[in-house]
Every structure is written in C-alpha cells, then in structure tokens.
Amino acid sequence: MAKKDETDAVSLWERLERPATAPRASLTPGRIADAAIAIADRDGFAAVTMRKVAAELGVAPMAAYRHVDGKDELWALMIDRVSGELEPPGEPSGWRETLRAHALRTRETMLRHPWLAHMPAPLFGLTPNRMAAAERQLASLDGLGLDVDTMMAAFRAVNAYVHGATQSEAALRRYMADQGWESGDETRRGLAPQMSYLMETGRYPTYRRYTLGAARKDDAAWQFETGLDCVLDGVAGLVERGRA
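Per our numbering, the sequence shown starts with residue 1, numbered consecutively.
Read the hints as simulated data drawn from the structure, not as lab findings.
A few of these clues could be false.
[Unchecked claim] Pairwise CB distance ranges (calculated):
no. : residue 1 : residue 2 : range
1   : Met199    : Leu144    : 39 to 47 angstroms
2   : Gly70     : Leu198    : 43 to 51 angstroms
3   : Ala192    : Asp219    : 18 to 26 angstroms
4   : Ala160    : Ala215    : 37 to 45 angstroms
5   : Asp41     : Arg203    : 37 to 45 angstroms
6   : Arg18     : Glu135    : 21 to 29 angstroms
7   : Val10     : Gln194    : 48 to 56 angstroms
8   : Leu198    : Glu87     : 38 to 46 angstroms
Idealized CB from N, CA, C, for every residue including glycine.
When you get a sec, could you build the whole thing from the sequences and use the hints?
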C-alpha cells in the first residue's frame with residue numbers, strides 16, 4: 001500500500017473544528033487534555049502516557065485514541081490547553097504593555113506547569129491558543145514602521161528571553177527541591193564550599209562584589225521583570241527608528 005502523502009493529512013485542529021456528526025460524547029479532547037495536564041503537574045512530563053490518561057479518566061485506552069491519535073497529538077492538546085491561560089484578563093494598551101503582560105503570564109504559566117520546558121519544540125507554535133497569543137503580540141507591533149521580518153525578530157527576542165529566564169528559574173527550583181533546600185539562604189550555604197573557593201581565587205572581582213552587595217538575590221520576580229525591561233527597551237529602540 002502506498003504511503004499516504006503528508007500533504008493529505010488532516011491536522012488535529014481541523015478535525016476538532018469540524019461539525020460533530022454524532023451526539024456529544026462524555027469523553028472529549030478537553031477532558032483528555034485536562035487529565036494529561038493533571039498527571040504532568042503531579043508526576044512530571046515523562047509520566048504522561050495514553051494508558052495513564054485513560055486510567056485517570058476511568059476509560060479504556062482505545063476510547064481515548066478515538067479522539068487523540070498518539071502522544072504527539074496528546075502533547076499538542078496539553079500545550080494548547082495551558083496556552084489558553086496566556087490570554088490577558090484585560091486588553092493592554094500599546095505594544096510594550098501587550099508584550100510585557102504576555103511575558104508575565106507566560107512566566108506564571110510555565111512555573112505553574114514546569115513540564116512545559118520539556119515539551120518537543122516543534123509543538124510550541126502550532127496550536128490555536130499559541131497562535132492566538134503570537135497574533136496578539138505581533139499585532140501590537142504592527143503599524144509602528146517595522147517591516148514584518150523585524151516585527152517577528154522582536155517578538156522572538158522577547159519570547160526567547162521569557163522562556164530562557166523562566167526555564168532557568170524552574171530548573172533552580174527543581175535543584176533546590178532535590179537537595180532539600182527550602183530558601184535562598186539554605187541554597188547558598190549548600191553551595192558555599194564551591195563558591196568560597198572560586199571567589200577566593202581573586203579571578204572574579206565583579207561577581208564577588210555582587211555576592212557581597214546584592215539585595216535582590218532571592219527576588220526572582222524582580223530579576224525577571226528587570227531583564228524583561230532591558231529587552232523591551234531594545235524593542236523600543238527599533239520602534240523609534242521605524243517611526244523616524
């Protein structure tokens with residue numbers, strides 16, 4: 001039998017948007033996604049399987065497969081479901097407010113669902129809710145004198161910062177939990193032997209000044225928002241040049 005051409009494949013999202021031809025079943029893609037998210041939040045991304053999702057829902061695995069064709073579609077549903085949390089409660093005014101609001105909500109969402117950092121990268125953009133989030137951000141940059149390539153570069157730069165900074169924050173939280181450290185002070189005490197040696201070599205005077213004088217070492221929100229403002233200031237420079 002000839003292999004089916006990929007261009008003939010019907011996407012998950014197209015299937016879900018088709019009018020239903022049968023009475024609505026109690027098992028839905030939304031319920032499947034919620035069950036998978038609950039497992040991932042509780043036990044981690046690696047614990048999510050179709051069999052465990054079915055058990056969580058109290059159905060046979062084949063019942064779930066009638067809605068979701070394998071793990072890639074299950075992951076996509078999970079990402080789309082949590083991406084619905086990115087929609088701001090109000091309508092921000094202006095490009096900077098829009099990008100900033102989305103960045104803060106993305107950080108909150110990723111910290112609430114740390115498994116997002118482990119999802120396959122190609123799935124991240126191609127879901128309706130993620131596309132909607134991208135559309136809101138790009139639309140805020142439209143009409144400011146930027147060409148479409150620059151708009152996309154600015155959008156990606158902000159999102160790269162947000163994802164990178166939040167993944168690092170989540171990784172530190174996991175490491176602290178693994179070590180049994182519950183605070184920044186406990187973490188610094190645990191790392192003191194390595195840090196003391198490195199600082200005493202005299203090779204890192206500026207970093208040493210930070211370790212001795214920093215007042216916001218444990219203020220992750222301040223660190224994130226300050227870094228975000230640095231990136232947004234760069235975008236502001238592009239906007240000013242575009243308007244000139």
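Hints, one by one, checked against the model:
1. The hinted window of 39 to 47 angstroms between Met199 and Leu144 holds, with their beta carbons roughly 45 angstroms apart.
2. Our hint of 43 to 51 angstroms for Gly70 and Leu198 holds, since their Cβ atoms are close to 47 angstroms apart.
3. The beta-carbon spacing between Ala192 and Asp219, approximately 21 angstroms, falls within the hinted interval of 18 to 26 angstroms.
4. Checking the proposed 37 to 45 angstroms range against Ala160 and Ala215 shows it is violated: the Cβ atoms sit about 28 angstroms from each other.
5. Between Asp41 and Arg203 the C-beta distance comes to about 42 angstroms, which sits within the given range of 37 to 45 angstroms.
6. A beta carbon spacing of about 22 angstroms between Arg18 and Glu135 agrees with the range 21 to 29 angstroms that was offered as a hint.
7. Taking the beta carbon of each, Val10 and Gln194 are about 54 angstroms apart, inside 48 to 56 angstroms as hinted.
8. Range check, Leu198 to Glu87: Cβ separation about 44 angstroms, and the 38 to 46 angstroms hint holds.
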